[in-house]
Amino acid sequence: MTTLVKEKAVGQRLNFQYGTAPQEVQGREVSKKNLISKRAAKLLNDYYESKCCLDNEFPYWYTRTYIEKEGELPIIRRSLAIKKAFEKITPMIRPGELLVMQKTRFVRGCYIMPWTANRFPLSVADQMEDEAANAAKRSLEDITVCATGGGNVTESAGNVLSISRRFGIRAEEYPVLVDICKYWVNKSSEDICWHAASIHPQYEAHLKMKQAVLMHFDLEYSVRHGRNVVNYQYPLQLGFKGMIEKCQKHINDNLNDGSMMDAVAFWTACINVIQGVQAWIRNYAEEARKLMAKPQYAEYRDELALIAERLDWIAENKPRGFADALQLCWLCHIAVTNELQGSGFAPGRLGQVLYPYYKKDIEEGKITVEQAIELLECMRVKFTEIDIAMSVGTIGLLAGSTFNNICIGGLRPDGSPAENELEFLFIEAAMRCQTPQPTMTLLYDSKTSEKFIQKAIECNKTGAGFPAYVNNRVAMDYLFKTFGQEGITLEDARAWTIGGCLEIQPGALVNGEFGAGSYSSTGVGFVNMPKTLEMVLWNGMDPRTKTVVYAPHNSKLETFDEFMRVWKMYFKELIITLENMFNYKNASMFDTDNPVFYSALMADCIEKGKDIDRAGSRYNRCFTTWISGQVNLANALASIKKNVYEDKNFTLDELKEALEANFGYVNAMVTRKFSMVEQKLDDSKYARIHNLCLCAPKFGNDDPYVDAIYKDVIEFWRDVTVQVQTVFGHPWTACQLSVATHGPLGQACIASADGRLAGLTLADGAQSPYPGTDLNGPYALLNSATSFEHSDYQNTQLNFKLHPSSIKGTEGARKLAHLLKAYMEKGGYHIQFNVVDSRMLRDAQANPDNYRDLLVRVAGFTQYWVELSKPIQDEVVSRTEYEELG
Amino acid sequence: MKKICSDCKFLAPRDVFKGFCENKNAMVIIDADAFDCKAYSAAEKCRFCKNFSAGQGGLGACAAQKGVMVYADLKACGDYAACEC
Chain F
1 MTTLVKEKAV GQRLNFQYGT APQEVQGREV SKKNLISKRA AKLLNDYYES KCCLDNEFPY
61 WYTRTYIEKE GELPIIRRSL AIKKAFEKIT PMIRPGELLV MQKTRFVRGC YIMPWTANRF
121 PLSVADQMED EAANAAKRSL EDITVCATGG GNVTESAGNV LSISRRFGIR AEEYPVLVDI
181 CKYWVNKSSE DICWHAASIH PQYEAHLKMK QAVLMHFDLE YSVRHGRNVV NYQYPLQLGF
241 KGMIEKCQKH INDNLNDGSM MDAVAFWTAC INVIQGVQAW IRNYAEEARK LMAKPQYAEY
301 RDELALIAER LDWIAENKPR GFADALQLCW LCHIAVTNEL QGSGFAPGRL GQVLYPYYKK
361 DIEEGKITVE QAIELLECMR VKFTEIDIAM SVGTIGLLAG STFNNICIGG LRPDGSPAEN
421 ELEFLFIEAA MRCQTPQPTM TLLYDSKTSE KFIQKAIECN KTGAGFPAYV NNRVAMDYLF
481 KTFGQEGITL EDARAWTIGG CLEIQPGALV NGEFGAGSYS STGVGFVNMP KTLEMVLWNG
541 MDPRTKTVVY APHNSKLETF DEFMRVWKMY FKELIITLEN MFNYKNASMF DTDNPVFYSA
601 LMADCIEKGK DIDRAGSRYN RCFTTWISGQ VNLANALASI KKNVYEDKNF TLDELKEALE
661 ANFGYVNAMV TRKFSMVEQK LDDSKYARIH NLCLCAPKFG NDDPYVDAIY KDVIEFWRDV
721 TVQVQTVFGH PWTACQLSVA THGPLGQACI ASADGRLAGL TLADGAQSPY PGTDLNGPYA
781 LLNSATSFEH SDYQNTQLNF KLHPSSIKGT EGARKLAHLL KAYMEKGGYH IQFNVVDSRM
841 LRDAQANPDN YRDLLVRVAG FTQYWVELSK PIQDEVVSRT EYEELG
Chain E
1 MKKICSDCKF LAPRDVFKGF CENKNAMVII DADAFDCKAY SAAEKCRFCK NFSAGQGGLG
61 ACAAQKGVMV YADLKACGDY AACEC
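Which chain is which? The protein sequence lines are F and E, in order.
Residues in the first sequence are numbered consecutively from 1, following our numbering.
Residues in the second sequence are numbered consecutively from 1, following our numbering.
Worth flagging that the hints you see were computed from the coordinates, not collected in a lab.
One or more of the hints may lead you astray.
[Stated by the list, open to error] Here are the simulated lysine to aspartate or glutamate pairs, EDC-like style, with alpha carbons at most 16 Å apart:
(1) E:K75 with F:E87
(2) E:K50 with E:D36
(3) E:K75 with F:E57
(4) E:K75 with F:D324
(5) E:K45 with F:D324
(6) F:K656 with F:E513
(7) E:K45 with F:E57
(8) F:K366 with F:D324
(9) F:K294 with E:E22
(10) E:K66 with F:E68
(11) E:K9 with F:E68
(12) F:K556 with F:E458
(13) E:K75 with F:E68
(14) F:K815 with F:D324
Next comes chain E alone, as it looks inside the complex:
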């Protein structure tokens, strides 16, 4: 699985290009490859939750919440269960 800064829980975005990395204490490019970053930790987003299933368009569904509409980059809810992806 590709690791990029935008999926890391230590990233505080400033805009759609860059954000503040709380580990590096510096601005980073959101799309930067974080494969070698030892501090990388996946944020709790629907895309990393095993209850999430992608739809045909942008919206997907949440199995834990009766199929309610969600999307991959949505901040996960209390039913979050990390997938093996």
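Chain F extracted, bound-state conformation:
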């Protein structure tokens, strides 16, 4: 099969299958695609045929107004710029839409927010003005391999230019964008945060760490907000008119209190942006009326009339029913993404937020179940259309996902199970309308009904990759540990939800209803764990770039204990430096691109008179350090411990030579193959050492030897992370997930002592084994994955790839439910399932045009296969495929 597998004569070898797959390639057992409504199918087809593109309207109007309003207080100036941009962007309604409003006039449109990140759209010459900062960035930019299929515009052609190898922009509009971006030089968050950081004594060390790609590069500013939850309750309960009245009352009550000047400015800013959003809604209502008058829209006339009437109503008032409420939630959501360059703004417990409206409409006969499903299908297409304009490096991190996570199930504030009929329809709509967004996560509790779990498993069988499953009790333990100091209530803990992929966020009840009110999960992401080991082996130098990152440790590393002491010394310096620098950078941006509309929505901000960057939210201990590749690190340490120090199979110097020579294999950046499958051997000189490295204990096999090392590594990281205080005075938190960073971060690593070759994608998630190394079956993997306390982390992550036959029929579903419950009972937090035949994925790589709608689960998100980069595709293909769950 592969050169690598053939070479394994003794001991542990790589095996990319557990069990035996059926001879014939098998599709997914369940498919409901044929039940999708004609309307949603047409809209989804529009999406498939659309390219990612950039629009200048919002940044132009924002920038023009910002210039005109010089002299205003920063938050007022920003709010007026946002207001004007909302007022001016062109509304676009497509024939057949029931749910309307979108980010730009394009289907997959987005725009640069140069007040946040202004450098990447510029030419290389313009970018390089700040050489030091850019050198740190380009190191990762240069090696990131981007996706080429689907809606990606990877190359310039004709009158369209490619930006970030993903977005198309009209050639005639590019110079406008350049002029706008240049205005923001030394004014943008990107520039301000780097300037602020430069006064810190650790600045130079920090730059070197970035140059070596010990972490991803631009999260400080590029997507600093997100991974938390949009609170829809204020517009739902008060309407926009009521929200404005509330702000105005606060202003009137505090106008003569000098100590409240900042709060008065905040409330004024909130009114401004809400008025901008109202104007934007009314513009859409007007557009619907215009279309009604056109003969080619005749068949949609009644629907357009309803849309216009609905928009006019909710521009002022609270919703009257389910369709109003869904439209209102959607427009709030998309308005947040228009205000902020963030990712992972989750709709949270949307099915429970909307349930009272649905229930009332059903009871009053105003809507049927099928009509509700159709609306939810339209919602799915809308969420899938969202895009974020960003740099190549951030694209490598996010893989085109926007992480709009809807949580289903869990508990109500009173402790009873929360799943409802509408959430069954959420799942049904997701099966019929197979889109990656919004993703779904089931909050599993022992009180969750079997019927609900079986419905979720039915959806898993379609191959959608969701719902993922998370442990309600583990999450609540985490919440009380983390937000105890902020006085979290039992009811808010029960109302928790996920922001982004998997990050646990506390709930925030608003008048007893499910709401949200926490700071963004933001911080240091993502630490490249295998890279930290290279620093120890090369005495403080990055062997790939030859950058000297650390002061040499000069230890002879004569024992494994000494080896670990040095690793911990370097690792601690890395974490402390990155967290300190982030604090400096983050606080410097609070007057530049702070959330105004988002804060107006967030629970308690209006009451406190503070935006979320001033800790206006109810809960604020959300600064996070993420790591990636920890399984590779643990495996590599286990190999060094066994091969170098215990069995003395080779010396550290011999190992270093083999690693630098990539064990004699051709580099992945040459072969363009990014998993251990199908690598090309060039020189067999290092075959013995490589074999020994591959045969060393591997995480995922219930082997205490390596599991204990894994536990030691992540617990050390957990303990170091909390030693730094955030800008809000809380300890930082530790978070385990990879998103798609395991691709580019792996490309920045040379070969490692676990046998992984240079440039290959790292293990995904957090507890997922390295592909091909988990040989002892699913329950052994669960034991390894629960060898530490999950509730000490903001989240953990375990991905399983299952062959469709392994969960086929009622018996298969029962086995899957058993596995899921076993993991939860052991204290695991998160598990998700990719149900796919690997041979189908290989065929999809060879024939992408035949698989435009194929979905796969990557890390905490689902994506269309064709929208993924080659390194991530290769990693997903190579993941161990479980043919049986016994």
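Based on these hints, arrange chain E on the given structure of chain F.
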């Protein structure tokens, strides 16, 4: 003056390559030549306004609004006055 679909008021863009032509009731390529299209009608953009003057970069100026920065493809404002171009 060259006539292309992207400058026509009947075009509703779907992305930077194509859009929906409300006259043809079909998708068209944005850069398609509209010289022979009888329904073509120039959209009200700054580039067709006599108050617009192009700048050296991408941004130009609007004479009707005290020289405020505008650009050629910007949707025109209430001061729009079609030029003879």
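Structure-inconsistent hints, enumerated in ascending order
Violated hints: 2, 4, 5, 6, 11, 12, 13, 14; rest satisfied.
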